[in-house]
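So the sequence lines, in the order shown, correspond to chains P and L.
Heads up: the first sequence begins at 24 in this note's numbering, then just goes up one per residue.
Heads up: the second sequence begins at 96 in this note's numbering, then just goes up one per residue.
By construction, these hints were calculated from the structure, which means they are not laboratory data.
Hints may be right or wrong, so weigh each one.
EDC-like cross-link-like pairs, simulated, lysine to aspartate or glutamate; straight-line CA separation at most 20 Å [claimed, not checked]:
hint, chain 1, residue 1, chain 2, residue 2
1, P, K78, L, E203
2, P, K85, L, E553
3, L, K253, L, E418
4, P, K79, L, E203
5, L, K181, L, E543
6, L, K181, P, E32
7, P, K78, L, E553
8, L, K98, L, E138
9, L, K210, L, D154
10, P, K79, P, D30
11, P, K78, L, E543
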Amino acid sequence: MSNEPVDAESLRMLRHDIRNQLSSIHLALETLRYEVADPTEDINYCIETISSSAKKINELLKEPE
Amino acid sequence: MKKILIIDDEVNVAVLLSKFLTRNGFDVTSASSGNSGLEYLKEQEFDLVLCDYRLEDTDGREMLRKIKTQYPNTGVIIITGYSDIKMAVELIKMGAYDYISKPLYPDEILNTITKAIETRQALLDSADEPTPVSSGKSAKKQTPQADGVVIGTSRSSKELARQIELVAPTNYSVIILGESGSGKEEAAKSIHLQSHRASQPFIAMDCGSLTKELAASEFFGHEKGSFTGAFTTKIGHFEMANGGTLFLDEVGNLSYEIQAALLRTVQERKVKRIGSTKEIDLDVRIIVATNENLGDAIGKGKFREDLYHRFNEFSIYMPPLRERGNDIILLAEHFLRAANQELERNVTQFSEEVVECFLNYRWPGNVRELKNIVRRAALISEGSEITTKSLPLEISNYKIPFDFGHQTNGYNQAPQTEQRVEVKEPKHDLKNAALEAEYETILRVLREVNFNKTRAAEILNIDRKTLYNKMKAINLK
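Could you put together the complete structure from these sequences and hints?
Structure representation (structure tokens):
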């Protein structure tokens, strides 16, 4: 690993870009929930997993206080 | 069907968001850049714009400014990837209805949008309604803004309206002097709207929140690459206001260097963006506001005298609310009507005690404070009448030392200010004191964030549940 420190601004941009993608994920899941009329248990499980993982990723992005 | 414009350069987000909102009964258009967004706005009227803060060709702040100047009736919600409270507060101050931070959660978006649209509807409706002024004897011209700074029949507000009418059609620079919350910006807007510049932009700038470093580029703009961090070309406020009016709030806070640069610009009527050699001709009327005596600031060497004289072609004094006698009640009634619409309540009157409290209280926060108090009281009142129970302690417990204030006839003559000494209930009870301090802080923060409880809790550094409990305990809803 390089020893170069990551500068705050690029980190901020990275967070921003990841949050953008998370938005797509949440919105896409919402559409899926709507479009799939009779989801099987597995489909529900998958949707919930994607959703909770996306939320966890967002938690990981929280800036240290 | 309510029309929403989405401006986001992230195509997936725009598509999915538009699908989601269409499903929820909105008529949605989406634009992938700031410019194309503005094109759509030119073609049709939207109820609400959802705008991403970071766009390729511009940013949310610029978009907000443009939309608010050109289409003041369109609500704006900014979507941002940075959870930055300061920025959020600033955006809301600039006129954004709210901001949503990413990632976007569909329920949250829908909630915010619904609220924004309801609020906007309430505001539009209340603007259509006749204000109490029309019931007065003199058929005064209706002022366009809903905040009604010039509403009133007291001598001082009539004088104010007359001065505004007088100076508006000229090109004079104006200094507006008045306490915070007394409606200086509204007065400036009135001047602008009654001038021949009314169809041109009105740009308001809060000099109190400007850092030294940013001030120059905010005023004059800069060219791309003119200094580290200048990634894009920025148009300054002078240029933005060209043809119209530039309003500088809290002008006493500007640094001495910026004052020198301002003076040059005002004298030469030309502006140069930082890093550019091209001079742009300016035709801008300047209105400044201050809540401190600039004469004192000049004496202390904090404000340039030459600049002061440039600005001081005409000066207007905004009377504090406590000196406006019965206007307080007219304004309170006006705000109550607006609150009823916005909050779907049916509170129709103030009890006699409340009227008395209103007339006695000192109103340090002026019209803004009155508006907030009435709004809050309308929300928590149970019957059709607002009683002292719905007023914050500082108002219902406010006591005038002698009995002269209790003559509730002749409201037009407000009791003399000098005689009003603030005497609170002599409760030297630590618990009370702590509660009151807590109440003050909570209310202040809530106002700052436009009553968004999640954000208020963040700022107060307590969790949302605690905030709810506290609010319940102190009778705030």
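Comparing the hints with the structure gives:
1. Note on K78 (chain P) and E203 (chain L): the hinted pairing holds, with a Cα-Cα distance of about 14 Å set against a maximum of 20 Å.
2. Of the pairs offered as hints, the one joining K85 (chain P) and E553 (chain L) holds, with about 13 Å between alpha carbons and a cut-off of 20 Å not exceeded.
3. With a CA separation close to 13 Å, the supplied pair K253 (chain L) and E418 (chain L) stays within the 20 Å bound.
4. Between K79 (chain P) and E203 (chain L), the direct Cα distance comes to roughly 18 Å. Compliance with the 20 Å bound is thereby established for this hinted pair.
5. Only pairs whose Cα atoms come within 20 Å are accepted, and K181 (chain L) paired with E543 (chain L) is accepted, the gap being roughly 10 Å.
6. In summary, the hint linking K181 (chain L) to E32 (chain P) is supported, as the alpha carbons are separated by about 17 Å, within the 20 Å threshold.
7. For the hint linking K78 (chain P) to E553 (chain L), the alpha-carbon distance of about 19 Å falls within 20 Å, and the restraint holds.
8. A C-alpha spacing of about 13 Å is found between K98 (chain L) and E138 (chain L), which places the hinted pair at or below 20 Å, so the restraint holds.
9. Restraint check: the Cα-Cα separation between K210 (chain L) and D154 (chain L) comes to about 24 Å, which exceeds 20 Å; the hinted pair is violated.
10. Simply put, K79 (chain P) and D30 (chain P) have alpha-carbon atoms about 24 Å apart, too far for the 20 Å limit, and the pair is violated.
11. Taking the CA atoms of K78 (chain P) and E543 (chain L), the gap is about 28 Å. The hint is violated against a cut of 20 Å.
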